[in-house]
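Protein chains: 2
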Amino acid sequence: MSAGALDRQWRERADAVIPGGMYGHQSTRLLPDSYPQFFSRAKGARLWDADGRPLLDFMCAYGPNLMGYGDEEIDSAFVDQLRRGDTLTGPTPLMVELAERFVRLVGHADWAMFCKNGGDATQMALMVARAHTRRKTIIIARGAYHGANPWCQTRTAGVTPGDKAYQILCDYNDVSSLEAAAEQAGDDLAAIFAAPLKHDAFVDQALPDPAYAQKARDICDRTGALLVVDDVRAGLRVARDCSWATVGVSPDLSSWGKCFANGHPISALLGSDKARKAASAIYATGSFWFQAAPMAAALATLNRVETSTYLEDMMSLGEHLRSGLAERAEAHGLGIRQSGPVTMPLVLFEDDPDLRLGFAWCSQMLSRGIYLHPWHNMFLCAAMTETDISSALDAADQSFRAVKQDPRSTEVNSKLSFLLA
Amino acid sequence: MSAGALDRQWRERADAVIPGGMYGHQSTRLLPDSYPQFFSRAKGARLWDADGRPLLDFMCAYGPNLMGYGDEEIDSAFVDQLRRGDTLTGPTPLMVELAERFVRLVGHADWAMFCKNGGDATQMALMVARAHTRRKTIIIARGAYHGANPWCQTRTAGVTPGDKAYQILCDYNDVSSLEAAAEQAGDDLAAIFAAPLKHDAFVDQALPDPAYAQKARDICDRTGALLVVDDVRAGLRVARDCSWATVGVSPDLSSWGKCFANGHPISALLGSDKARKAASAIYATGSFWFQAAPMAAALATLNRVETSTYLEDMMSLGEHLRSGLAERAEAHGLGIRQSGPVTMPLVLFEDDPDLRLGFAWCSQMLSRGIYLHPWHNMFLCAAMTETDISSALDAADQSFRAVKQDPRSTEVNSKLSFLLA
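Going down the list, the protein sequences come from chains A and B. Residue 424, in the numbering used here, is where the first sequence stops; the numbers in between run on with no holes. Residue 424, in the numbering used here, is where the second sequence stops; the numbers in between run on with no holes.
Take these hints with a grain of salt, some might be off.
Pairs count within a copy or across copies, as identical chains cannot be separated in the list.
[To be verified] Straight-line alpha carbon distances no greater than 25 Å define the calculated SDA-like cross-link-like pairs of lysine to any residue that follow: (1) 218 x 56; (2) 46 x 316; (3) 407 x 103; (4) 280 x 398; (5) 46 x 82; (6) 167 x 190; (7) 167 x 204; (8) 277 x 32; (9) 167 x 189; (10) 407 x 189; (11) 277 x 19; (12) 218 x 328; (13) 167 x 214; (14) 167 x 288; (15) 46 x 356; (16) 277 x 243; (17) 418 x 288; (18) 280 x 159; (19) 46 x 106; (20) 218 x 9; (21) 418 x 186; (22) 167 x 87.
If you are wondering where the hints come from, they were derived from the structure by calculation, not from laboratory data. Because the structure is a prediction, the values reported are computed rather than measured.
Bound conformation, chain A alone (with noise of 0.2 Å):
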């Protein structure tokens, strides 16, 4: 099975005018040959490919969609500032109003300072620690995604040493590996950043160990490093705070995106009054930064993270579909392992070192009308339903027991066979 002729189509003619045919996390290059590269319209929970096929979207845009695509409160909100003024000389009063409801919202934050992408942010925290403490080295876990900035690019091409230099490697929830990078930095240490959770691509997610956050708490409190939590994925699918307010530690410095304005271009970088100083040193700007309308949606967003139960009932639909995917795959004699948490789930196989169930599996759902992600985590929204869920593990229980009769589930896998070197 392979993708609808459309996007087929659409492929042929984007391989003549974009390199690769496309590019970026966006990219289906390691996915199965029948996901589609290029989609129509999206609504609620829904996403229509380039052939008009509709699909229960386990991805929201690889995090965006929070509330639901298309939402009518969110976007009026948008479309009422557009109309009014958007990319304007200067910032309007929504950017002070976002901030600080922004810092209202987030426990550690006094300030905050906004920006486009997530790497955005997390590069403004790298400077704003290096600016703060005058050092320059950084402790980050081994495989970590903190953005496609060449410091943070674990590909080489067009990297230089350069870009990469001050780094010190450690193991996610490892203590004493996080020990051993902050002696090994010595008095040079700037700041460790931290993912929220352990969220790599490819392998289980994890859960932040209390002590390991706490660890990272106690070395920068004891070194004047700053602690970085780049919250850019999994923010507001934890908490109504910073992911790690849920094991009681304050990072100096979060970094957000994606979701806080449901899909509108916005990411953000808060910080305690510690590093306020530094902040204000830093220079940081970008052509459509201080857009009003994403201003606008966002506030429209975090009014309803406030105000609503939205996480909550997330968190119902994720602890049903994953106690439902562990009882069906039990169910048909297959092994699976469900990480992270249940907003932000990932289905991996036993015994799939290449994901060729994986690939199976997720083939089967995506003709079924169920898009996931066979190697990334994926996310719930706020717009799906018990009937969703309930949809999905019935599509999941026809794809278990098909993946069983799928002559790709015991082929090696050409698209992931780097995963078994």
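Let chain A serve as the given structure and place chain B on it in line with the hints.
Okay, now just chain B, sitting in the frame of chain A:
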């Protein structure tokens, strides 16, 4: 004179929750005290400050406003697409159509990659050049702005030596300085970065010397390095093509941003076939890079670019403004220097090293409803009319007269006194 009462109130609130009260290129910290920091709305060529005062805006959002704020046709294209879908789990076919359209418009380009910040596009250019050549060193003109990423910063806060490694500076339009830089790079030259014109802050602009542009091309052809023209700021205000088409030189890569979706957030890297393979090898992405609605707006904007006389109209307005300002300044016995393309004017006063005259004049203009910038190039937009220019010239006449009596025009400009050092 100071900014309005509401603007002052918003600044006070901003001071509490935004480091320094505001940051980046739209901070008014280095502008006269009377300049408002916050704005409430915009339409066409006009902007209203937070106190509701209308201003004829010669900054055009620092570039993004090309066809007029709130252009009905472009914003309708945007909103129509927003209602269908914007930030999704993958791109829409609009991405392909926009790449095709852009490649048709820009002579040197065979492919396009879209991103969000102008700095994303210049950073991708850097990475593509390094991936293509497997070398590291780049040549940049001293003082040129290519974004706020650490590698192109002039400030030091939060920036490490590693961030700016492998860079050699030359002087814009100085052929021998460019040759010396290339010689210094030896066999490690990856790219020459060129502003399409010298549009550095605080100093006169300079159009590109064709001999300099050709020399950059020759060095790249000889060494295998890539030539990058950073058209983020000047693109579509100089030509309906890469700005160096005006001097007959084709780059390998060009970066675009700010105005090609008339203020909606999208930027781009365009390149020739030579660089295609390297472009497909780098990892570059962002949460909002594949948004469909800004692509719909970009298609509408580029359609206007191709089918209207917007550029000739802006040039005619710019000529009128330039000659009118020259006449009026001379009539008042004031020496001014006007530089750059007429669509991107900069006005500096003779014998005004700390811009005290410039500040006094711009303050006078602002009090008459004309928003100018005393040290950054300004921008015209296609929504301006001859009547607008005439009213600006009337205000200029009164303002030149007033400068002669303005005590600020004889006092040290404390905000820019660093320029005297």
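Here is how each hint holds up against the structure:
1. 218 x 56: neither (49 Å within a copy, 53 Å between copies)
2. 46 x 316: within (19 Å within a copy, 41 Å between copies)
3. 407 x 103: neither (54 Å within a copy, 44 Å between copies)
4. 280 x 398: Neither. Shortest intra-copy (54 Å) and inter-copy (40 Å) distances fail the 25 Å Cα cut-off.
5. 46 x 82: Classified as both; 17 Å inside a copy, 15 Å across copies.
6. 167 x 190: This pair counts as both: shortest intra-copy Cα distance 19 Å, inter-copy 23 Å.
7. 167 x 204: Within one copy only: 21 Å inside a chain, 31 Å across chains, cut-off 25 Å.
8. 277 x 32: between (44 Å within a copy, 23 Å between copies)
9. 167 x 189: both (18 Å within a copy, 24 Å between copies)
10. 407 x 189: This pair counts as neither: shortest intra-copy Cα distance 54 Å, inter-copy 60 Å.
11. 277 x 19: between (51 Å within a copy, 14 Å between copies)
12. 218 x 328: Answer is neither: 35 Å inside a copy and 64 Å across each miss the 25 Å cutoff.
13. 167 x 214: neither (28 Å within a copy, 37 Å between copies)
14. 167 x 288: Both ways: residue 167 and residue 288 sit 22 Å apart in one copy and 18 Å across, limit 25 Å.
15. 46 x 356: neither (35 Å within a copy, 57 Å between copies)
16. 277 x 243: Answer is within; shortest intra-copy Cα gap is 22 Å, inter-copy 48 Å.
17. 418 x 288: between (39 Å within a copy, 20 Å between copies)
18. 280 x 159: Classified as between: cross-chain Cα gap 15 Å, same-chain 35 Å, threshold 25 Å.
19. 46 x 106: neither (30 Å within a copy, 32 Å between copies)
20. 218 x 9: neither (53 Å within a copy, 46 Å between copies)
21. 418 x 186: neither (40 Å within a copy, 44 Å between copies)
22. 167 x 87: Neither. Shortest intra-copy (43 Å) and inter-copy (41 Å) distances fail the 25 Å Cα cut-off.
Violated hints, listed in ascending order, are 1, 3, 4, 10, 12, 13, 15, 19, 20, 21 and 22; each of the other numbered hints is respected by the structure.
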